[in-house]
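Asks: Protein chains in written order, with our numbering: chain A, 1 to 498; chain B, 1001 to 1139.
Any given hint could be a false lead.
Straight-line C-alpha distance at most 27 Å; calculated DSS-like pairs for lysine-lysine [to be verified]:
| hint | chain 1 | residue 1 | chain 2 | residue 2 |
| --- | --- | --- | --- | --- |
| 1 | A | K23 | A | K97 |
| 2 | B | K1067 | A | K102 |
| 3 | A | K150 | A | K357 |
| 4 | A | K151 | A | K23 |
| 5 | A | K150 | B | K1067 |
| 6 | A | K357 | A | K432 |
| 7 | A | K182 | A | K202 |
| 8 | B | K1067 | A | K23 |
| 9 | B | K1067 | A | K26 |
| 10 | B | K1049 | B | K1060 |
| 11 | A | K423 | A | K356 |
| 12 | A | K160 | A | K150 |
| 13 | A | K357 | A | K151 |
| 14 | B | K1060 | A | K23 |
| 15 | A | K151 | B | K1067 |
| 16 | A | K432 | A | K356 |
| 17 | A | K26 | A | K150 |
| 18 | A | K23 | A | K102 |
Since the hints were made in silico from the structure, they are not lab data.
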Amino acid sequence: MSPLLLPLLVPFIAALCCTLFSKSLKVQRSISLIAAVFHLAASFNLLQNVRSEGIQVYLNGGWAANIGIALVADLFSSIMLVITGLISLVVLIYSLKEMSDKLQSRAYFPLFNFLMMGVNGSFVTGDIFNLYVWFEVMLLSSFILLAMGKKPDQLEGAIKYVTINLFSSILFLSGAAIIYAKTGSLNMADIAMRIAESSDEKLLNSTAILFLSSFGIKSALFPMFLWLPASYHTPPVSISSLFAGLLTKVGIYAMIRTFTLIFPLNNGLLQEFFYVIAILTMVVGVLCAASQFEIRKILSVHIVSQIGYMILGLALFTPLGIAGAIFYLLHNIIVKTNLFLFSGVILRKKGSCDLKKIGGLYKVNPGFATLFALSAFALAGVPPLSGFWAKFVVLKAAADAHEYLLLGSGLAVGVVTLFSMTKIWAEAFWKKQPEEYPGVGEDTGNQPWQIMLPIVFLTICTFALGIWGELIFNICVEAAEQLLNPTEYINAVMGEAK
Amino acid sequence: MHSVIIILSARLLCPILMAMAIAFLYRGHNDPGGGFIGGLLFTAALILKILAIGAEEFEKHLWMQPKNFLSSGLIMAASAGIMPLFVGKAFLESLWFPTFTLPILGKVHIGSPLLFDLGVFMVVIGFVLTVVIDFEEAA
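Just chain A, same shape as in the assembly (with noise of 0.2 Å):
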């Protein structure tokens, strides 16, 4: 079998599993971690499978490539598959406390699996229309997860997250089918190996347009942000902290992807537009966080503003620039899911999240709170923590391409970014507890390892991507050369045709 069937087939089979024992949660769970230690030991083959052997291409159904539906692994999509893989284990040990029983029973297993299928899916897939229909398994899925416990603030985050990437869809859709009416092809090699042929401006601009908004309302981009805050907060923890860490990012993932491939940036008019979009991305995103009161809000507004940071990287399209935008991407992941997961602690402990209510964790607690110490600081880019590298390589790419605005912005947005990171700081670790508040959660002892050991375990990895972050930025500038140069790409899917 296929390596790259292994990621969609390994959740999916869990999925099933998991409906077939729907009365037992202790036999869904052992389904969905073993799935979970699968996913990643697939995904982590496949990299290494790409690395040693170039690109990997899977044939659905054993139709050439440009009838039917071809599955496509370069770097780029396998090391998203691997970190995906990891944020999906890690957040399922989580979950199995953070979430109450009750929880649980509601399909959550299912749901979580039908999810990591959906993600994997638009990560491997090299057909436009396909991506289109991973993205709705995974949305659905999210749709349902994100209204999980019937709460009216979360029925109305998931009534606006609804409309909104429904709307997005159809945008995407639109784009599809008149690349499709132009082409005549759905296989994205084909799509732009006929482009790169054709100099049909309009065909070419009005679907880059579709495209991007369509991205962009996934990903939160600039003017189409708000439905992230207003959703993200809302469910229980562990949800949110997968959301938080991956389901933007498919969306970055998919803009990095058909801007490098099908529509290459460096043409003047879409790059200067990307140029402006992430500056205002950043900027907007960071200053809505300062004025936020709720950590989980202050840190859902966040992702905006760290978005930002790889649309910059991708707008600068030098290998330089990409490679910092999937090595930030790697950074943020990882940094941010852990954050959402500390959210969970303190809720745990405190009852609240809101900043005005909390506060004396570190005398409670200090090794919890150096660990989010830790993590928050590498968010705002201290060195020599993950975050400092990450806008170090995008914001020295900008450097060297003489875009001075996008430099300035970027290291001033580091700096408000650093100020969020100390508010909650001071007011949730050092303050001492307001009076008018009790401060008491569910569970105010010792955490159990199934809460503490995702924690640890992310945060080790923040510092150590700091540290030994070389190695994998080596990888990155692979990956994005192999962005860069789209006709390795193109021969590996068209040449499987033949």
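Mind docking chain B on chain A? Use the hints.
Replies: Relative to the frame of chain A, chain B by itself:
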């Protein structure tokens, strides 16, 4: 509400609709039809029955929970995709039994696409029934 007209017409129409649904399911691989449309037609028949005899009475006649229809349908569709892997073919590639002839149907061509369609058929039935029964009981 038990209207004699609906009860009688349901008695007449249900078998016809079901037969049509199965015909659509069978011819779906190469001709218009398929698991999705077949499943919808089949549930149309079942909904008619629900309207005639009520959801509670209807559920007594069901030999399987609608939700189990969903999961078994998914499993069928998945196994239609996975089976070819065991004989060295690609994922979702069609496997066919040798063709044989039957009196009315003519040449019969059975293979994994039919299993896949049957899976879709079950999923559609399971989904629509779950929704309809919930609505009917809430009303």
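Asks: Kindly indicate which numbered hints from before are broken by the structure, ordering the numbers from low to high.
Replies: Failing hints: none at all.
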